[in-house]
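Visitor: Each chain, letter by letter, is given below.
Protein chains: 2
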Amino acid sequence: MNVSFPKNLLAESLGLLERVIPSRSSSPLLTYLGMALSPEALTLFGSNGEVDLEVRLPADTQGEGRFLIPAQPFFQLVRSLPGDLVELALGTELELASGSFRTRLSLASTEGYPDLLFPEAGTPSEDYPLQTALPAEELSRALAHVRYAASNEEYRAIFRGVQLEFSPRALRAVASDGYRLALYELPRPQPFARKAVVPARSLDEVVRVLRGTGEGEVVLALGPGTLGLALGREGKGRLRLAVKLMEGEFPDYERVIPKEFPLQAVLEVEPFREALRRVSVLADRHNHRVDLLFQEGRALLSAEGDYGKGQEEVPVRLEGTPLAVAYNARYLLEALGPLAGQAALLLSGPTSPSLVRPLGEEGYRAVVVPLRV
Amino acid sequence: MNVSFPKNLLAESLGLLERVIPSRSSSPLLTYLGMALSPEALTLFGSNGEVDLEVRLPADTQGEGRFLIPAQPFFQLVRSLPGDLVELALGTELELASGSFRTRLSLASTEGYPDLLFPEAGTPSEDYPLQTALPAEELSRALAHVRYAASNEEYRAIFRGVQLEFSPRALRAVASDGYRLALYELPRPQPFARKAVVPARSLDEVVRVLRGTGEGEVVLALGPGTLGLALGREGKGRLRLAVKLMEGEFPDYERVIPKEFPLQAVLEVEPFREALRRVSVLADRHNHRVDLLFQEGRALLSAEGDYGKGQEEVPVRLEGTPLAVAYNARYLLEALGPLAGQAALLLSGPTSPSLVRPLGEEGYRAVVVPLRV
Numbered sequence: 001m002n003v004s005f006p007k008n009l010l011a012e013s014l015g016l017l018e019r020v021i022p023s024r025s026s027s028p029l030l031t032y033l034g035m036a037l038s039p040e041a042l043t044l045f046g047s048n049g050e051v052d053l054e055v056r057l058p059a060d061t062q063g064e065g066r067f068l069i070p071a072q073p074f075f076q077l078v079r080s081l082p083g084d085l086v087e088l089a090l091g092t093e094l095e096l097a098s099g100s101f102r103t104r105l106s107l108a109s110t111e112g113y114p115d116l117l118f119p120e121a122g123t124p125s126e127d128y129p130l131q132t133a134l135p136a137e138e139l140s141r142a143l144a145h146v147r148y149a150a151s152n153e154e155y156r157a158i159f160r161g162v163q164l165e166f167s168p169r170a171l172r173a174v175a176s177d178g179y180r181l182a183l184y185e186l187p188r189p190q191p192f193a194r195k196a197v198v199p200a201r202s203l204d205e206v207v208r209v210l211r212g213t214g215e216g217e218v219v220l221a222l223g224p225g226t227l228g229l230a231l232g233r234e235g236k237g238r239l240r241l242a243v244k245l246m247e248g249e250f251p252d253y254e255r256v257i258p259k260e261f262p263l264q265a266v267l268e269v270e271p272f273r274e275a276l277r278r279v280s281v282l283a284d285r286h287n288h289r290v291d292l293l294f295q296e297g298r299a300l301l302s303a304e305g306d307y308g309k310g311q312e313e314v315p316v317r318l319e320g321t322p323l324a325v326a327y328n329a330r331y332l333l334e335a336l337g338p339l340a341g342q343a344a345l346l347l348s349g350p351t352s353p354s355l356v357r358p359l360g361e362e363g364y365r366a367v368v369v370p371l372r373v
Numbered sequence: 001m002n003v004s005f006p007k008n009l010l011a012e013s014l015g016l017l018e019r020v021i022p023s024r025s026s027s028p029l030l031t032y033l034g035m036a037l038s039p040e041a042l043t044l045f046g047s048n049g050e051v052d053l054e055v056r057l058p059a060d061t062q063g064e065g066r067f068l069i070p071a072q073p074f075f076q077l078v079r080s081l082p083g084d085l086v087e088l089a090l091g092t093e094l095e096l097a098s099g100s101f102r103t104r105l106s107l108a109s110t111e112g113y114p115d116l117l118f119p120e121a122g123t124p125s126e127d128y129p130l131q132t133a134l135p136a137e138e139l140s141r142a143l144a145h146v147r148y149a150a151s152n153e154e155y156r157a158i159f160r161g162v163q164l165e166f167s168p169r170a171l172r173a174v175a176s177d178g179y180r181l182a183l184y185e186l187p188r189p190q191p192f193a194r195k196a197v198v199p200a201r202s203l204d205e206v207v208r209v210l211r212g213t214g215e216g217e218v219v220l221a222l223g224p225g226t227l228g229l230a231l232g233r234e235g236k237g238r239l240r241l242a243v244k245l246m247e248g249e250f251p252d253y254e255r256v257i258p259k260e261f262p263l264q265a266v267l268e269v270e271p272f273r274e275a276l277r278r279v280s281v282l283a284d285r286h287n288h289r290v291d292l293l294f295q296e297g298r299a300l301l302s303a304e305g306d307y308g309k310g311q312e313e314v315p316v317r318l319e320g321t322p323l324a325v326a327y328n329a330r331y332l333l334e335a336l337g338p339l340a341g342q343a344a345l346l347l348s349g350p351t352s353p354s355l356v357r358p359l360g361e362e363g364y365r366a367v368v369v370p371l372r373v
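Keeping their order, the protein sequence lines are chains A and B.
Note that the first sequence ends on residue 373 in UniProt numbering; no numbers are left out.
Note that the second sequence ends on residue 373 in UniProt numbering; no numbers are left out.
Hints may contain errors.
[As the list claims (entries may be wrong)] Chain A side only, calculated, beta carbon under 7 Å to chain B, not exhaustive:
(1) 67
(2) 70
(3) 73
(4) 76
(5) 79
(6) 101
(7) 103
(8) 104
(9) 105
(10) 106
(11) 108
(12) 281
(13) 308
(14) 312
(15) 313
(16) 316
[To be verified] FRET-style restraints, in silico, Cβ to Cβ:
(17) 192(A) <-> 212(B): 51 to 61 Å
(18) 65(B) <-> 208(A): 48 to 58 Å
(19) 84(B) <-> 295(A): 22 to 32 Å
(20) 157(A) <-> 152(B): 55 to 65 Å
(21) 350(A) <-> 154(B): 56 to 66 Å
(22) 169(B) <-> 26(A): 54 to 64 Å
(23) 271(A) <-> 38(B): 31 to 41 Å
By construction, these hints were calculated from the structure, which means they are not laboratory data.
Since we're looking at a predicted model, the values are computed, not measured.
Built from N, CA and C at the ideal position, the CB exists for glycine as well.
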């Protein structure tokens, strides 16, 4: 077959695959880029064993076949090609020409390469019996808001994932490391009720792909042990992902979310976060403790550690009983991380969990547990 | 004492010290920032044991004294202060105030901290008997052109340095790893003849400081085992550096610089480098070999390795006998690295050293040895 693509389209598609396909792997075949020819498309695919990605480029290829090429040199080459157009010719090798540059790349057979199973949008199958759809931007926003709260520890491995909760009421994303929790709820009724825990590192790839494709709808499909995603890219062909799920689900977390709040503090996120960051430089290097004293329209932030002590006052709008509380500054900073504008810090007591939520947007909630004073 | 500085001036000065002062060190005192008060200035200083740096901020301090503070938290704090002004008050602790932020930082005594010896511009001393001066921009250009050729290997340690050659004819910077060589000659007669080898990593810090200070003159001073630098910053006070020299000097390298060239190829640096980089993706992963065939107004670049083969033609202006030659692509790419516009590749033969030099600028020369065909 002979087929040509605009260099930018090919480079952009490969850019998505480049972060999924590992440059080294204990399964060397995973370092290859897959190419599948059908009469109407060239389909590029790759996998890191956890996340499979497929990019379909519509083209008049007049051919059929599947093969592998070493991914890294191909990525490097296409990125730097001199011409606006890339011509590919497939024989026993892959010939690539662009401007005055010519190359012949050795091909490998797909024998031994794992079967990648992607969902067919609109057509539930045995592999993906459950399907739903929503705007890609909403999904990526929900995931990006909660990602930080996932754990990096081996201990309680389930917390290294983000739990997606499909229910007739909403789609919710939740992450926790056992010490704090973040959730984002999209008020979109789902056609099935199911929980699925996706490794946080895999979700990073999903969010990156979703963001790279802009607006449009994403189909989410659940199968045994797998979350599938399919999305169109205007004029650029379809993208599909298959992500391995973790086994199990989160323990019941609803009971740690406080419901009653003797004190509510409304604050400007940016200046509050900046002050908290400054004061936390002086905090104890182990527990990162910053004390907050709320009274008379202000929060007094203070910390003391080996280096000395620091303090700063920030104006806040208070409702309720003046209160003193202390947090691990990192947890509070991260809880405020996805926010801008105004937010409310809702205190259930000096040692019981606090809630952070944005004033404008309704979907996000973060739970931070104070340090014992 | 009480003294205040514009936040930006203080932050910029600390920014220079931040890359020198290590965040961890086997000599823990080196992780501290030094402050010296005199009636007309606050002088900040730091060292990593190889490079000492001092920044003098003119100020009406009404005090005297020297002390240390933990550098990292101070850097972090000053960078993020809320006010335009930073007020410092020195008692048993250092009080810092800016906007609504206040902190007290513990001080440490300078006991045990190394004596830093800087040159006095215009006043040769026992520590720095030899002095010269030149535009800071020229020195930083010379060093930046040759830096890449220095070695990273333990073997033949002298090549981990850049040799500065002061002579009545010129100031020259030379670097080599034994396989290739780069030199940059500034046609400025020097008041003394001396060679000094400066560790390449220390020079990286010097170049960064020189670049951060813009135009103006730099005083270079040589003492036993030390290169000193002093430069003014308009309206911002003086900077001084002291850099430990390496022992010994380079072996005679003049004899490897070829003098006669059967073939001269004049090329456009940018497109030639791009083509070389593309073709080299296909090169053998061990020797990075790219073949160059020069004939009839063009260079044909080709490479072949495990992935396949690639080739590209680049127009060049040839004078002399057509010739085929092969290089380690990385060495040739790095030799062309500091250049733009047009350059000449001068071939002394298919296996004897080649010379790279820019067409416009006279100071730079690079020697690259071809691979045996």
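Visitor: So, for every hint listed, does it hold in this structure?
Guide: Hint check results:
1. For the restraint placing residue 67(A) at the interface with chain B, the shortest Cβ-Cβ distance is roughly 13 Å, beyond the 7 Å limit, so the hint is violated.
2. Hint status for residue 70(A): holds, given a least beta-carbon distance of 5 Å to chain B, under 7 Å.
3. Checking residue 73(A) against chain B: minimum C-beta separation of about 5 Å stays under 7 Å; hint holds.
4. The closest approach between the C-beta of residue 76(A) and any C-beta of chain B is roughly 5 Å, which is under the 7 Å cut-off, so the hint is satisfied.
5. Violation of the interface hint for residue 79(A) is found here, the shortest Cβ-Cβ separation to chain B being roughly 9 Å, above the 7 Å cut-off.
6. The restraint placing residue 101(A) at the interface with chain B holds, with a minimum CB-CB distance near 4 Å, inside the 7 Å limit.
7. Evaluation of the residue 103(A) hint against chain B yields a held restraint, the C-beta minimum of about 4 Å falling below 7 Å.
8. Taking 7 Å as the C-beta cut-off, the interface hint given for residue 104(A) holds, the closest approach to chain B being about 5 Å.
9. Given hint, residue 105(A) at the interface with chain B, holds; its Cβ is 4 Å from that chain's nearest Cβ, closer than 7 Å.
10. Nearest Cβ of chain B to the Cβ of residue 106(A): about 5 Å, under the 7 Å cut. The hint holds.
11. A hinted interface residue such as residue 108(A) counts as satisfied when its beta carbon comes closer than 7 Å to some beta carbon of chain B; here the least separation is about 11 Å, so the hint is violated.
12. Residue-level restraint check for residue 281(A) holds (minimum Cβ-Cβ distance to chain B is 5 Å; threshold 7 Å).
13. Interface restraint check: residue 308(A) against chain B, minimum CB-CB distance 4 Å, threshold 7 Å, status holds.
14. A least Cβ separation of about 4 Å between residue 312(A) and chain B falls short of the 7 Å threshold, and the interface hint therefore holds.
15. For residue 313(A), the suggested interface contact is upheld, since its CB lies about 5 Å from the closest CB of chain B, less than 7 Å.
16. Here the hint on residue 316(A) is broken, as its CB sits about 13 Å from the closest CB of chain B, past 7 Å.
17. Separated by about 60 Å at the C-beta atoms, residue 192(A) and residue 212(B) satisfy the suggested range of 51 to 61 Å.
18. The hinted range of 48 to 58 Å is satisfied by residue 65(B) and residue 208(A), whose Cβ atoms lie roughly 53 Å apart.
19. Taking 22 to 32 Å as the suggested C-beta distance range, the pair residue 84(B) and residue 295(A) conforms, at roughly 28 Å.
20. Between residue 157(A) and residue 152(B) the Cβ separation comes to about 40 Å, which falls outside the hinted range of 55 to 65 Å.
21. Taking the beta carbon of each, residue 350(A) and residue 154(B) are about 58 Å apart, inside 56 to 66 Å as hinted.
22. About 59 Å separates the C-beta atoms of residue 169(B) and residue 26(A), a value consistent with the hinted range of 54 to 64 Å.
23. Take residue 271(A) and residue 38(B): their Cβ atoms lie about 37 Å apart, and the range 31 to 41 Å holds.
Hint check: violations occur at hints 1, 5, 11, 16 and 20; the rest are consistent with the structure.
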